[in-house]
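A.B. asks: Build out the structure end to end from the sequences listed, making use of the hints.
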Amino acid sequence: GGRVWYFMYYDAAVFGACVLMGYLVFLEGQNGRPAWVVNAQLFHLKALYGVLSFPWLLLKLPLADALVLALKPTKYNRAGQTVRPATAKERKAARAARLGQVAPV
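The working numbering numbers the first residue of the sequence shown as 1 and each following residue consecutively.
This list has only true hints and no planted wrong ones.
Capping the alpha-carbon separation at 20 Å, the derived lysine-lysine pairs in PhoX-like fashion look like this:
hint, residue 1, residue 2
1, Lys89, Lys75
2, Lys72, Lys60
3, Lys92, Lys75
Here are the simulated distance ranges between beta carbons:
hint, residue 1, residue 2, range
4, Phe54, Arg95, 39 to 49 Å
5, Lys46, Arg3, 22 to 32 Å
6, Ala64, Arg33, 39 to 49 Å
7, Ala40, Leu20, 13 to 23 Å
8, Gln30, Ala64, 40 to 50 Å
9, Arg95, Val51, 43 to 53 Å
10, Leu52, Gln101, 51 to 61 Å
The hints are simulated quantities; they were obtained by calculation from the structure and are not laboratory data. Here the structure is a predicted model, which means the values were calculated and not measured. No residue lacks a Cβ here, since even glycine has one placed at the ideal position from N, Cα and C.
C.D. replies: Quick look at the structure:
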């Protein structure tokens, strides 16, 4: 996932900026600002963070995660081990073995 690190750096910067702004709002609240103003500003900070986390939404699009992450498909065998998916030839041989037929080579 080398390409996801760019999203992580961006998200860390946005999160840090929002935490810093939240701290500044907290300090303003200590200086006599009404509580409803502080609560409204914190709400807007949460909304801002939600809007700025838009790049993560791209991974929710169909097939976008496969393009960005480049993961290989895997399956589980009966022993619970992760294995590659069977090829068509292997599936045909397994089906023939289950049915008691001789699989073509």
